[in-house]
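**Q** What follows is each chain in one-letter form.
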Amino acid sequence: MRKSYRSDAGVETEVLHGIDLRLARGEFAALIGPSGSGKSTLLNLIGLLDRPSAGSLSIDGQATASLDDDALARLRGQRIGFVFQYHHLIPAFSALENVMMPMLIERGRPDQAMRARAAGLLEQVGLHAQMDNRPGQLSGGQQQRVAIARALAMQPSLVLADEPTGNLDTRTADGVFALLREVNATLATSFLIVTHDPRLAARCDRIVELVDGAIVADAPPV
Amino acid sequence: MHPWLPFEWIAAIRFLREGRMQSVLIIVGVGVGVSVIVFMSALLSGLQANLLARTLASQAHIVVLPPEDVARPLRAQDDALLGPLVQKQAQRLRSIDQWQRIRTRLAAMPAIAGVSPVASGPAFAVRGDANKSITLIGIEPEHYVRVVDIATRIVGGQLRVNAGEAVIGIELAKDLGAGVGDKLRIGSADGITDTFLITGLFDLGSKSVNARNVYVSLRAAQSLLDLVGGVSSLDLALHDIYAAEILAQRIADDTGLQADSWIRTNAQFFTALSSQSVSSNVIRFFVGLSVAFGIASVLVVSVVQRSREIGILRAMGATRGQMLRTFLLQGGVVGLLGSLLGSALAWLFLSLWQVFARNPDGTPMFEIAVAPGLIAIAAGGATAVGILAALIPARRAAALDPVVAIRG
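Same order as they appear, the protein sequences are chains A and B.
Numbering-wise, the numbering used here puts 92 at position 89 of the first sequence, and it's gapless, one number per residue.
Numbering-wise, the numbering used here puts 399 at position 39 of the second sequence, and it's gapless, one number per residue.
These aren't lab readings, by the way, just hints derived from the structure by calculation.
Yeah, the Cβ is synthetic: ideal placement off N, Cα and C, and Gly gets one too.
Check each hint, because a few of them may be wrong.
[Unchecked claim] Just a sample of chain A residues kept apart from chain B, beta carbon distances all over 10 Å, derived:
1) ALA12
2) ASP53
3) GLY64
4) HIS91
5) SER142
6) ARG174
[As the list claims (entries may be wrong)] Not everything, but these chain B residues come out facing chain A in the computed CB check (under 7 Å):
7) ILE672
8) MET676
9) PRO762
Chain A on its own, in the form it takes in the complex (with noise of 0.2 Å):
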């Protein structure tokens, strides 16, 4: 894949010079590289946010070049699974109810089956008692982990994580770096997180090194 983009001035820049990646089914791999290599770049293109400038991308075996934006966002709901570094629950409604929302907006309408799920999943991230609170009643650790809780609602084949301990501290990051690993072993999602933490790359199976838009390295932790 390549993407480029265009300034205001008409200077078209690549930022991604033919990215050829593949992720097999429960993968843990970690995303490293200096700041403008273009790792965030190439998570959106993954996560269907944005397009490829050329070449393609195939998710479970479905090629998705010529699908439109609302199948591109339906697909992406039910396949990806996002956790960002700010954590980016929405404010406005409670944390069972942010671990919902994808299957809201997947089927329309509440029902008793999503509830439960989503109920079983904070249970499994260990927020059954915060269940009921807002976003602004959370710690920063138990916010990223109901975003967790809310990737995996769709039952993903992908779970892209960018910097999904870089706002927490040692202790908490790695008790949300164990749950991830405890969801890809009982789960076989495959993740792809993106770290600048070197400690936490070498605990992941894969680490993929982007520099300048290119892969340089790709091997598993030394």
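The hints should help you fit chain B onto chain A, whose structure is shown.
**A** What follows is chain B alone, placed relative to chain A:
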């Protein structure tokens, strides 16, 4: 989260509830605008109905008259003009030709609610030394009450005009110093006189009408005015008073008679009435416009404030259409709630108005009713205005690039 509400509704209501101060302020703003519109509409329709009722209290909606006498230039057989100077002819009091037949035909028209034959003309009322110029009106009361509601305007005696009986206005009664049971001598311009017993006094709400009109039986008026068997006009009542002018022209074309509608007769009044309506529509339009701008500006700010949340929802699979509808709904809900508040405020204003705006005798100046229909229109209109106003912000929300929105 109510189980029967779709995602868009849930998100719209939560967003509005969360933006508490903003939402309250804009709903109050819409409410004030709607209350002005509802209050003004109710006040104006009450006022117009009142003015109209007063104006039409003593008038027929259409008066059908015999055609005017017209003088034509005299011509010789070879079409040469013999008398080229034509003087306008003096109009004499004449009967409508074959009025019974025309009356039957008019009564059969569905737009016409009532037809009353009238024989009227100038006369004098004499009592003692007092001598007053009057308009003598011969009627068939059972038909005439459908055209001019005089029966409910009787303030003394009763509406009874058998042979030798007359009903006069309170002003004339005062001028002549006469009351119910007194005798009155009426003489026509031709010198024919007759004596009548006053059986009733009316108040039609206009001083000149109360001073001039004298109602007697059709037969008595016919003989006094030298119109035996004839009528000077057919007075009509309509179901729809605003159709009067069009209908009058149709009747004129149809019968060859002259037909004057109340709209033509009261041209200035009618113009005042319609320009009042036009100016109130202009005010309503601009109040509606400023309500729309208010809603739009609040929602534009809300889209900017929530752009990250919109991005997250889009990342979770929400389509552009879902985001569009979420914000359109917010506009509609603000419009609806604002209109309910506004209707309540308008009701309050109108109640106060009716307490304070009173005639010297303590009766309300005029009746104002807030019709349920008016509130329904206001609610529907404000909701529609809200949705329209939300169009621009909602499209912006739908067009947001999730990548930019989440990073921002």
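**Q** Each of the hints needs a verdict: does it hold here or not?
**A** Okay, the hints, checked on the actual structure:
1. ALA12: 19 Å, holds
2. ASP53: The assertion about ASP53(A) is violated, with a minimum of 5 Å to chain B.
3. GLY64: 20 Å, holds
4. HIS91: The claim is violated: HIS91(A) sits with its nearest Cβ about 5 Å from chain B, within 10 Å.
5. SER142: Check passes; 20 Å lies beyond 10 Å.
6. ARG174: About 27 Å separates ARG174(A) from the closest Cβ of chain B, which puts it past 10 Å; holds.
7. ILE672: The hint holds - ILE672(B) has a Cβ within 7 Å of chain A, the shortest such distance being about 5 Å.
8. MET676: 4 Å, holds
9. PRO762: 5 Å, holds
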